[in-house]
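With the sequences and hints as input, model every part of the structure.
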Amino acid sequence: MSVESGPARKILVVDDEPDVCTYLSRLFQENGYQSACAADGQQAMEAVERERPDLITLDLSMPNKSGVRFYREIKARADLKTIPVVFVTGVTGPGGSSADTERFYRTRSQVPPPDGFIAKPIDPEEVLGLVAKLLGGSAERR
Amino acid sequence: MAESRQPGPDAATLDLRALTGSRLLDDVPCYISIQDRQFRILEMNRKLLEDFGDHHSEHCYRVYKGGREPCVECPVARTFDDGQEHTSGETIFDRRGLPHAVIVKTSPLRDPSGEIVAVMELFADITVQKELEHRLHDSLARFRNLFDVVPCFVSVHDRDFRVVEANDRFKESFRHRLGGYCYEIYKQRHEVCPTCPVADTYADGRSHAAEEIVIDSAGRQLHVMVYTAPVRDSQGRITDVIHVGADITEMRALQEELASLGRLVGGIAHSIKNVLEGLRGGVYVVNLGLRDNSQADIRTGWEMVQRNVERLSAMIMDMLYCAKPRAPRQVPVSLPEVTRAALQLYATRAKDLGVTLEADIDDSVPSVPGEPRDIHSLISNLLGNAVDACCADEDKRKKPRVLVRIGREDQQAVIQVTDNGTGMDEETRGKLFNMFFSTKGAAGTGLGLVVARKVAAEHGGAISVESTPGEGSTFTVKLPLGGSA
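Going down the list, the protein sequences come from chains F and A.
Here my numbering is used: the first residue of the first sequence is 245, the next is one more, and so on.
Here my numbering is used: the first residue of the second sequence is 2, the next is one more, and so on.
Note that these hints are calculated values from the structure, not bench results.
Heads up, a few of these hints could be off.
[As the list claims (entries may be wrong)] Counterexamples of contact, computed for chain A against chain F with all Cβ distances above 10 Å:
hint: 1; residue: Asp-55
hint: 2; residue: Ala-210
hint: 3; residue: Arg-341
hint: 4; residue: Thr-357
[Claimed, not checked] A partial selection of chain F residues facing chain A, derived with a Cβ cut-off under 8 Å:
hint: 5; residue: Asp-263
hint: 6; residue: Arg-270
hint: 7; residue: Glu-274
hint: 8; residue: Gly-276
If you're wondering where the values come from, they're calculated on a predicted model, not measured in any experiment.
Here a beta-carbon is modelled for each residue, glycine too, at the ideal position from N, C-alpha and C.
This is the structure we're talking about:
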């Protein structure tokens, strides 16, 4: 957050669980990012058009598969498909491992794989590390 | 028979030894005697004399069997009659009264004119063989018994896949007559199965194993673990294949149960994880507020904590409720009253979400016996679902609307909750009452309808659902009004 840097990078948090939205967006704000929240796929699409975020975290287990649909729409749009998307995977098999879920998404051929995964329960350090890596190491626009 | 017989030539005048050969008779290791037409013993060899005593001129039937009259079936008599040799199996008793199992062979002794003057009787002692035969029989019976009682389906299949032998267990379960085709009996097929361990065993002479699903005579599907093995003759050629099927249906059912228990635990873990995430978020925001001395953050964070503690306790109450079978109290519950209370609960939320709540309550519906709290949670669960179904609907042309109807049909009270929301497809309808099944993602616990159904059942009633995708759903609960109604 040095004075000479540009405006903060913007992260859109898409999750139907308002408390998780609040949690993640506060976490990002605390670490020098701007953030916005969306509770479903439609809100998310509106937010993307309006805010043009630099990165999106997306909970896929939203009702009516609106998360999946939103992801497909993003990836189908030339002007949006370069925005990195991180899946927040709450859905895990018995045993609690997210490995199966990740493999599932990685092997889907209909949609390109996401740029990263965050497994619930969320580890703040891990999330921040992943986001920093995807955004080129800095919270500020260069 | 003996009486009708013609008296033969005087046996005393015959040189019997000459007729029968020589003293060789004395040396053979079996009993030999010679009888006349009156069944009198004319000659005994040495072994016979030794074991039975000297009984010259006595009737054979008395000497050998202790009988007073000639035997009904007598090979000596038959040889006298037809001049042929005859054989029979007999039991005779020696001088000490010990039984000897013998094979008797009779042959005619003729004088130079060809007339039968006597019959030579030769007894081969087969007592030892008889004993062996008994033992063989016993052990066969024992094996047969084992074959029958072994807790498996055991059958023997020939090269044409016909079942030529089977144990009791098989016959009981498959009501089968020997000679039928195994694929018909086991699988109700009309041709050989595409993969067949019996055929494999015929082909390579080895044992094979397979897990099969077969159908018994009662039409039940059984999971069977099958082992096959070749049955060979003394030359080592495969004559048959034995097929042993162990019924593992119960084991499979148990496995299935364990798997669903695993899914259940997974569901619990997932639901709790979501709540936990909210809690952690709350704690995080409270900590930010404490650090920055921001009352706003502390308030926001604390609300998050409270909300999720509330969710967690509600979830645990529901889970406990689902887990415990119990009989509800039997106090009079006024459905109109409880329904109005539930409507009140959702009034604000429905208004915020733009959903119209309508009620069609027949106040003359008598009270039902039961637990007011349970009925209340049943109705609120249905109402909550209906409101959610409206919100989830993306068809913006519809005006979201939920109708609650309380009425009466015969001796039953009827609670009906109708929404014009998303509706459900067949698949969703099928899973609706499964624990932890939810279409609401993080917002649903997957317990509401489980609770609703349990409440209905505990009050002697039932819950049913009708739904059309895109048009909405109607949940109907019918509860018995009780005797005093």
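Comparing the hints with the structure gives:
no.: 1; hint: Asp-55; in the structure: holds, 94 Å
no.: 2; hint: Ala-210; in the structure: holds, 29 Å
no.: 3; hint: Arg-341; in the structure: holds, 29 Å
no.: 4; hint: Thr-357; in the structure: holds, 21 Å
no.: 5; hint: Asp-263; in the structure: holds, 3 Å
no.: 6; hint: Arg-270; in the structure: holds, 6 Å
no.: 7; hint: Glu-274; in the structure: holds, 7 Å
no.: 8; hint: Gly-276; in the structure: violated, 14 Å
Going down the numbered hints, you'll see the structure goes against just number 8.
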